[in-house]
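Asks: Just so you know, the protein sequences line up as chains A and B, in that order. Numbering of the first sequence is given in my numbering, commencing with residue 312 and proceeding in unit increments. Numbering of the second sequence is given in my numbering, commencing with residue 504 and proceeding in unit increments.
By construction, these hints were calculated from the structure, which means they are not laboratory data. All C-beta atoms in this analysis are idealised placements derived from N, C-alpha and C, irrespective of residue type, glycine included. Take the hints with a grain of salt, since some may be wrong.
What the hints assert, rightly or not - Computed spacing ranges between beta-carbons, pair by pair: (1) B:Ala668 - A:His331: 19 to 29 Å; (2) B:Val572 - A:Gly342: 34 to 44 Å; (3) B:Phe684 - A:His331: 25 to 35 Å; (4) B:Ser643 - A:Gln480: 21 to 31 Å.
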Amino acid sequence: MAEESGQSSGRPDPGTKPVHMGRRTVLGILGLAGIGIAVGAKVDNALGSVSSAVSNAIGVPLPGDDQFRFYTVTGSYPVIPADTYELTVEGMVREPLRLRLADLLSMKRTTLVHRFQCVTGWYVPNVHWQGVLLSDVLEHAGVAPEATALRFFSADGEYTESLTLAQAQRPDILVADKMLGANVTADHGGPVRLYVAPMYGYKSIKWLNRIEVTNQVVNGYWEDNGYPANAWIGGSSSVSVVP
Amino acid sequence: MSSDTELARFDLVERLVHWSTAIMMLTLIVTGAILYLPSLALRVGHRGLVENIHVITGLSLLGPLVLGVAGPWRKRLIKDLRRFDRWGASDFDWFRGPARRSGLPRDKFNGGQKIEAAFLGAVMVAALVTGVIMRFAPSSWITWATGATLVHDALFFAIVAAVIAHVAFALSRPDQLVSMFNGRIPRSWAKLHAGAWLSEVEVSKGEVSEADLAGPPGGSSP
Numbered sequence: 312m313a314e315e316s317g318q319s320s321g322r323p324d325p326g327t328k329p330v331h332m333g334r335r336t337v338l339g340i341l342g343l344a345g346i347g348i349a350v351g352a353k354v355d356n357a358l359g360s361v362s363s364a365v366s367n368a369i370g371v372p373l374p375g376d377d378q379f380r381f382y383t384v385t386g387s388y389p390v391i392p393a394d395t396y397e398l399t400v401e402g403m404v405r406e407p408l409r410l411r412l413a414d415l416l417s418m419k420r421t422t423l424v425h426r427f428q429c430v431t432g433w434y435v436p437n438v439h440w441q442g443v444l445l446s447d448v449l450e451h452a453g454v455a456p457e458a459t460a461l462r463f464f465s466a467d468g469e470y471t472e473s474l475t476l477a478q479a480q481r482p483d484i485l486v487a488d489k490m491l492g493a494n495v496t497a498d499h500g501g502p503v504r505l506y507v508a509p510m511y512g513y514k515s516i517k518w519l520n521r522i523e524v525t526n527q528v529v530n531g532y533w534e535d536n537g538y539p540a541n542a543w544i545g546g547s548s549s550v551s552v553v554p
Numbered sequence: 504m505s506s507d508t509e510l511a512r513f514d515l516v517e518r519l520v521h522w523s524t525a526i527m528m529l530t531l532i533v534t535g536a537i538l539y540l541p542s543l544a545l546r547v548g549h550r551g552l553v554e555n556i557h558v559i560t561g562l563s564l565l566g567p568l569v570l571g572v573a574g575p576w577r578k579r580l581i582k583d584l585r586r587f588d589r590w591g592a593s594d595f596d597w598f599r600g601p602a603r604r605s606g607l608p609r610d611k612f613n614g615g616q617k618i619e620a621a622f623l624g625a626v627m628v629a630a631l632v633t634g635v636i637m638r639f640a641p642s643s644w645i646t647w648a649t650g651a652t653l654v655h656d657a658l659f660f661a662i663v664a665a666v667i668a669h670v671a672f673a674l675s676r677p678d679q680l681v682s683m684f685n686g687r688i689p690r691s692w693a694k695l696h697a698g699a700w701l702s703e704v705e706v707s708k709g710e711v712s713e714a715d716l717a718g719p720p721g722g723s724s725p
């Protein structure tokens, strides 16, 4: 302040001009953050394996690692034994289904290798997914001609999701029972979860136990929290992940 | 001046800004840790709720500071913010460590406190900007969101480290810790640690008084 400079006795170092170190520190950090936002995705790519290795070693997630973050929307998540698991497909269908894990394993199997991309920005590249195409499951049930949408329910009792029937026909949406080269674990939403490759992670509902075929899109849990129902990664549906 | 009196170090506005910001930072660190660390995320769950608390608190984080500088009660706060910015030789000297300092009379805050204040202020803004991108950016901005996440995650570690250091320094310096509660600090402390500030206070006759504690003193110009 001007009046301070008038008090020679009150200045920490009479005779020298103060240096604006506070301002420099703030601008420096904000500049770094700006660079981080701009080139972070590339850095994240480059950091992936190193960051993951260190993260694995110390048991703490690190910026830029290729690790899953774990989301649960209820207090505790369901742990469902594989031998009692059942997926119900009902609603506007010719033949309601109750599929056990063995049924899914005996159906036509599909494998996808693709990233899991969270809407907030983190992702895990080259995740190995295996299961039955959602469109194959629907074909078994026989969808009524007037149906237009799907509702998905989770065994946790809270988490719900939605897709249009047209979206569900895509060849990159799996009812997945394997990921990362093993059975889907309970913390990842096993024994069976959805994997919607072209959309953000929240569409890939965990602990999937019921699919209802209906004629209107009903917002799911994350849509009710302000996220879009048409959650195309990058905002476009044109990117197909199927080779 | 007698040696037992106390000086007004922080006025009510500064203390309110400090403690409301501190409570929000703590809330952000706890909710942030639950969102970020898988072991906590799986134990606590309720992601929608935790996320909303984190986002709403984050959006409010700069509120107290903005309110603090928005009205006629801002004088002392602004003056102290300027101190954080302006560094003299004694501030750089502080970093030489207790044994090697030259004993230049110091400002109200030492170099370490000034860098901490600037650092925390900057990371608060950076976390706010990256957090807004993570939560509210349109889905076509995903590349930026990935960058923002990288920065936000890195800031988590930086902020936790800075807050731990801040609390550890505060707990080991009771005079200064108490002054953030009651606003006052012994003159003997100032004589030893903030000689330049003490001279400044004496020149402006800013010794402690009831008026001083109730609000910011008048301008310090003679």
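Asks: Look at each hint and say if it fits the structure.
Replies: Hints and how they fare:
The hint said 19 to 29 Å for the Cβ distance between Ala668 of chain B and His331 of chain A, and at roughly 23 Å that hint holds. Between Val572 of chain B and Gly342 of chain A the C-beta distance comes to about 23 Å, which lies outside the given range of 34 to 44 Å. Between Phe684 of chain B and His331 of chain A the Cβ separation comes to about 31 Å, which falls inside the hinted range of 25 to 35 Å. With their beta carbons about 24 Å apart, Ser643 of chain B and Gln480 of chain A fall inside the hinted range of 21 to 31 Å.
Checked against the numbered hints given earlier, this structure breaks only hint 2.
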